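S.K.: Listed below, chain by chain, are the residues.
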Amino acid sequence: MAAASPARSGDALAGIAAASAAERVAAQSALADLPLAHFLTEALIPYEQDEVTRLIQDGHNRAAFAPVASLTVGGFRDWLLGASPAALTALAPGIIPEMAAAVSKIMRLQDLVSVAARCRVVSGFRNTLGLPGTLSVRLQPNHPTDDPAGVAASLIDGLMLGAGDAVLGVNPATDSVPATIELLRLLDTVRARFDIPTQTCVLAHVTTTLRCIEAGAPVDLVFQSIAGTEAANRSFGIDLALLAEARAAALAQARYSVAPNVMYFETGQGSALSADAHHGVDQQTLEARAYGVARVFAPLLVNSVVGFIGPEYLYDGKQITRAGLEDHFCGKLLGLPMGVDICYTNHAEADQDDMDALLTLLGVAGITFIMGVPGADDVMLSYQSTSFHDALYIRSVLGRRPAPEFAAWLARMGIDGAEGLRADAALPGPLGRALGQGLAGLIGA
Amino acid sequence: MSAPPAGPPPAGPPPAGPRLWRDLRHFTAARVALGRVGAAGLPTPAHLAFQAAHAAARDAVHAALDGPALAADLAARGIASVTVRSLAPDRRSYLLRPDLGRMLDPACLPALDAVRAPGSVAFLLADGLSALAVARHAPALTAALIAGLGRAGIAAGPVVLAHQGRVALGDKVGAALGAAAIVVLIGERPGLSTADSLGAYLTWAPQPGRNDAERNCVSNIRPEGLDLPDAAAKLLWLIAAMCERRISGVGLKDEQPMAARLAAGGHPEKPASRAADAFPRIGDSR
Numbered sequence: 285m286a287a288a289s290p291a292r293s294g295d296a297l298a299g300i301a302a303a304s305a306a307e308r309v310a311a312q313s314a315l316a317d318l319p320l321a322h323f324l325t326e327a328l329i330p331y332e333q334d335e336v337t338r339l340i341q342d343g344h345n346r347a348a349f350a351p352v353a354s355l356t357v358g359g360f361r362d363w364l365l366g367a368s369p370a371a372l373t374a375l376a377p378g379i380i381p382e383m384a385a386a387v388s389k390i391m392r393l394q395d396l397v398s399v400a401a402r403c404r405v406v407s408g409f410r411n412t413l414g415l416p417g418t419l420s421v422r423l424q425p426n427h428p429t430d431d432p433a434g435v436a437a438s439l440i441d442g443l444m445l446g447a448g449d450a451v452l453g454v455n456p457a458t459d460s461v462p463a464t465i466e467l468l469r470l471l472d473t474v475r476a477r478f479d480i481p482t483q484t485c486v487l488a489h490v491t492t493t494l495r496c497i498e499a500g501a502p503v504d505l506v507f508q509s510i511a512g513t514e515a516a517n518r519s520f521g522i523d524l525a526l527l528a529e530a531r532a533a534a535l536a537q538a539r540y541s542v543a544p545n546v547m548y549f550e551t552g553q554g555s556a557l558s559a560d561a562h563h564g565v566d567q568q569t570l571e572a573r574a575y576g577v578a579r580v581f582a583p584l585l586v587n588s589v590v591g592f593i594g595p596e597y598l599y600d601g602k603q604i605t606r607a608g609l610e611d612h613f614c615g616k617l618l619g620l621p622m623g624v625d626i627c628y629t630n631h632a633e634a635d636q637d638d639m640d641a642l643l644t645l646l647g648v649a650g651i652t653f654i655m656g657v658p659g660a661d662d663v664m665l666s667y668q669s670t671s672f673h674d675a676l677y678i679r680s681v682l683g684r685r686p687a688p689e690f691a692a693w694l695a696r697m698g699i700d701g702a703e704g705l706r707a708d709a710a711l712p713g714p715l716g717r718a719l720g721q722g723l724a725g726l727i728g729a
Numbered sequence: 030m031s032a033p034p035a036g037p038p039p040a041g042p043p044p045a046g047p048r049l050w051r052d053l054r055h056f057t058a059a060r061v062a063l064g065r066v067g068a069a070g071l072p073t074p075a076h077l078a079f080q081a082a083h084a085a086a087r088d089a090v091h092a093a094l095d096g097p098a099l100a101a102d103l104a105a106r107g108i109a110s111v112t113v114r115s116l117a118p119d120r121r122s123y124l125l126r127p128d129l130g131r132m133l134d135p136a137c138l139p140a141l142d143a144v145r146a147p148g149s150v151a152f153l154l155a156d157g158l159s160a161l162a163v164a165r166h167a168p169a170l171t172a173a174l175i176a177g178l179g180r181a182g183i184a185a186g187p188v189v190l191a192h193q194g195r196v197a198l199g200d201k202v203g204a205a206l207g208a209a210a211i212v213v214l215i216g217e218r219p220g221l222s223t224a225d226s227l228g229a230y231l232t233w234a235p236q237p238g239r240n241d242a243e244r245n246c247v248s249n250i251r252p253e254g255l256d257l258p259d260a261a262a263k264l265l266w267l268i269a270a271m272c273e274r275r276i277s278g279v280g281l282k283d284e285q286p287m288a289a290r291l292a293a294g295g296h297p298e299k300p301a302s303r304a305a306d307a308f309p310r311i312g313d314s315r
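These protein sequence lines map, in sequence, to chains A and B. For the first sequence, the numbering used here gives the first residue as 285, with consecutive numbering after it. For the second sequence, the numbering used here gives the first residue as 30, with consecutive numbering after it.
The hints are simulated quantities; they were obtained by calculation from the structure and are not laboratory data. Since this is a predicted model, take the numbers as computed values, not measurements. There's no promise every hint is true.
As the list claims (entries may be wrong) - Each pair of labels, with its calculated beta carbon distance range: (1) Pro462(A) / Thr73(B): 41 to 51 Å; (2) Leu257(B) / Arg495(A): 27 to 37 Å; (3) Arg495(A) / Pro237(B): 30 to 40 Å; (4) Asp256(B) / Ala374(A): 54 to 64 Å; (5) Pro351(A) / Pro237(B): 48 to 58 Å; (6) Pro237(B) / Ala543(A): 28 to 38 Å; (7) Pro237(B) / Ala532(A): 35 to 45 Å.
Backbone N, C-alpha and C fix where the C-beta goes; we use that ideal spot for every residue, glycine too.
Isolated chain B, as found in the complex (with noise of 0.2 Å):
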């Protein structure tokens, strides 16, 4: 009795017409044809499977962001950063405190003052719920919107780093650089087979107070969700957009993915043009 882990669909075309079970699988990376034992039971294959990925979102989930790895690998990209932390003081506290992951350690406000930038577009990366997806995307994330950013003629950075942060930290720490708009790139709540996916979280004019209506969000962002150059793309369009607005959240809406979708034709066989648009996961970092 085997039923192969589920995971990405097998390689190659669907069959024209599912003729056995596991032909399902195919069409879906949910984990449908695990076999069946006995009445009800899932067979081992299935349910180690299912242990492995939990096991794997777990450790995701209790990661720490690795700082200088992290600053190394920007520097390495010609991007210099400064690195905050809330004051959420550990795991435990951030997961049962949402609120002190909103706040800024008092202590970190010197290193920010050291680095203002009226009216820039500044950046922050947080851990969130997710160190692993900031330490894989959040650098070549953030190189390519600086780049276009510069080619666009708006000011860009600085860039800090968070350790423990939610969304709204972003907020205090654009305030404290007196930025035109901040971009927190945060670590999302790791599903069982994403656990490195990265939001980005729009604010024009941070400052603390700002609620959740007042930002723009691009979900699900890793290779095998929103890539990084869809992303990138959309994420531009929208920082211009809010620039050239002044304005973010619901009165800035994401018109551009919609139009994409429309020249496409709108075919709902490819569903790479909806991702961005999923809302999984939503809510849990901020």
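One chain only, chain A, in its complex shape (with noise of 0.2 Å):
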């Protein structure tokens, strides 16, 4: 699987990628061959060892299987290309994510957008995610101190240029309770106070909002980054059980009024390399074993942060694109409401218009969300990422809409379709009249 694995830097860091070029196309060409069906019997990391293993062998769905039992991975890429949407929602459960990773490595991008493109994954919490010519987005209003005004001003510009119906939602620059609460306050007072059909969350470790859940704080969705083997989510101090309670105390607060699909997920390839715990598997087929572990929990949001790890493990622009298509196509394969960010570091080989081509691949490719970060430069995690205005374009070129009942709040708020707006023209509508009262009290301070 490593040898067949396209170019990239954290599998020759780990000393596992093909030597040549030429070894690696013989390794697809094998890999091409093996019956499908070997991936339920030949587990890369051992069944005894491993509980994501065991999630994932545990889980499989034979009869969603059967469609494509009899075939080798070229044959199932084959299939793939041909398959129908139904065909491709009915086959999902039957898919573990070592198949999807295997097929997506003798894949071209064009091959990984036309089958992302045609896989159909609806999720809900107060509004309706990945409806068919929809694109949502994060509103990512991060602050270096988490500051509550600084963090209302990109709230308040986000919604202005229509980013926000995948979630409103703050990495936290100290992963502590009660700042964790005030960020948690503050998002759930604008939402409630303009009535925003959308959901907010505070990116912070499971255990301090499972802690911010039984301090009684306002919680929507529960996020945790995972990764693909027990040893790496260990790690990052959690394991299925600890996941599966924080679901529990998450469906509790019923704060769902669409689907209680309540938790948002993010990876990234080579989160497990990097916490030494890859088990010599290459990063691409660990990304995809970390969507194993999402999907039993029926997520609102995953994302790959695709760009974030930095260049030794995807070195450039064309390996953070090549990566982030395959994370899309092997999410949505297994069912997934599959948002990337698309992003990079400043000491990676990168720069705004390898962002723009993977945004535009991503949106042809049907991507249910992207992130929404003013002027596409989070001023706390330090990375580029996409921009309200990077949505927009996306939105604007490909005839993509918000969520369906973000996009009526966006009617009703007079803020839908606006063109050529000045930064120092007056605010339009309710929120910018709002706004005009003063941000305390609009974040309720």
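Two independent chains are provided; combine them into the complex using the hints.
M.R.: Have a look at this one:
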């Protein structure tokens, strides 16, 4: 598997990459001839050693697998390229992450786009995400010190540019219970005051969020970073039992109105290697296994933070682009509401042009959601993601709309379809009028 | 259609109620209120301001550490230093192979042997991902720390400079010196508006194989973040606690800033009290 993986620095760092281009293609040919069912009997990480392997193997749905049970990996690729949306939806429970990873290794970018674009995955909380013709945005109003007015300013900026239907989600600068509760209350106050049909989340560690729930804070979604091995998850301070406990606690809040998808997961190729918990398996296969973890918890959102980890795992724009499309494809094939944080750090060989290309490719591939960061510059996490403007661009060129409930809200607020707004103009609609009465009043400070 | 480049909030008090879109800039350094051309377009000034910031960050990542200039700056403050290098021969290797940046070039061992200081708190100043940060802030911070440790009766030194170094290089350097602890001052990954942010990592009993949970980190050291006097005070408190309890890492809780925060009333309007707890960029230099 590792030798068949398209080139990336993380596999080279782990010492498991193909030694030459010819060796890589030979490995891909061998992989193409492997029966798909092989992955059900030959675990890459032993069943006895790893609870993620056990979760994947024990949860496999043989009936759903039946249409492709006799195929090789290569035959599966051909099957996928001709499959209908309904066939792909029915297949999802029958595919395990290793199968998705294997076939992706012998797919070109256009194959990854073409098949993912036919995968239909819908999830919901206070609105409905993933409907055909929609593209949603996580509004990410981070601030280096969690300053409430600073967060609120970015929040208003994003709402004015049509972002926020996937989630209003802040990465806290400080992972503490009081700081997290303060941010949760801020987000919930704005959401409730303007009756915004969306959900809020503070991306603290799951143990912090559990304590916030116990303290009575308004928790819509439980967030957690997850990985594809038990050992990597342990390095994150989590296991499957803890995730199940957190999901139960969030469900018990019953804060949803559309559907009970209460989890928000983030992942990224290379996380297991960086935790020295990769078992000699390539980073893309391990990433797909993280989706195997995610799907048993019926998440609202799964987000591959593809370019965040740095050049020792994904060196340049080409590697980030390939990885982003692989992750989106594998997630969608496994039935997940998949988003990608289309991003890069300043020590990677990438720039805004690379992000524009990946954004456009993922838009065509039918991505469920992307990030929205003011001016693409996250001033807390110090990396570059997609901006509110980027989201407007991709919606505009592909004719995508926000989630229907959120689109109706934008229209009610008079900020739907606005064009050419100057920075020195007054903000329109009820949100603009409320803002004129003071940011402190807006955030309940 | 003009949108001034994003940057620090405008001078003067924030408006009582933001009336115009651009008023949002009073509340955050994020690139808010950039304007909008057509359905989705970013106005030209905002686009070019972003490109300029990215170019500065890229240049900072790829800038080489000027070792002689850094040594001269330290010497002017009365601090002698020796220079070492990791096994990463160049920036590309440094970026692709973090393991090489954590290993000491064996040819540098005699230089360290000559300045062995058993039981001392040693210093390693490494380029990390921003040689700019080290050149700008490390000499003054090192001088403040050495002076403070002197007042506390804690043996300090020697000071070692490293090319293509990561945090764990300090384990090898500290062990070679026989040091009781090592303070690694290292350039953090540049953000778009923060090309010169310094990180400080404390490790008790440095030796190969130490993991990150065995270190304490103070991040975002720069005039616009955690400024040098505050960083020095915080680090001196941590170093004294480390020497007293003879541990570092998760077992050594950073209680002093919390106490200071409570004393200040814990006002969220005073973000400076929290800046040091921010975790951006941690990990990339390790």
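S.K.: Hints first: check each against the structure and report whether it holds.
M.R.: A quick look at each hint next to the structure:
no. : hint                              : verdict
1   : Pro462(A) / Thr73(B): 41 to 51 Å  : 43 Å, holds
2   : Leu257(B) / Arg495(A): 27 to 37 Å : 35 Å, holds
3   : Arg495(A) / Pro237(B): 30 to 40 Å : 37 Å, holds
4   : Asp256(B) / Ala374(A): 54 to 64 Å : 60 Å, holds
5   : Pro351(A) / Pro237(B): 48 to 58 Å : 53 Å, holds
6   : Pro237(B) / Ala543(A): 28 to 38 Å : 52 Å, violated
7   : Pro237(B) / Ala532(A): 35 to 45 Å : 44 Å, holds
The structure does not agree with numbered hint 6 stated previously, though it agrees with all others.
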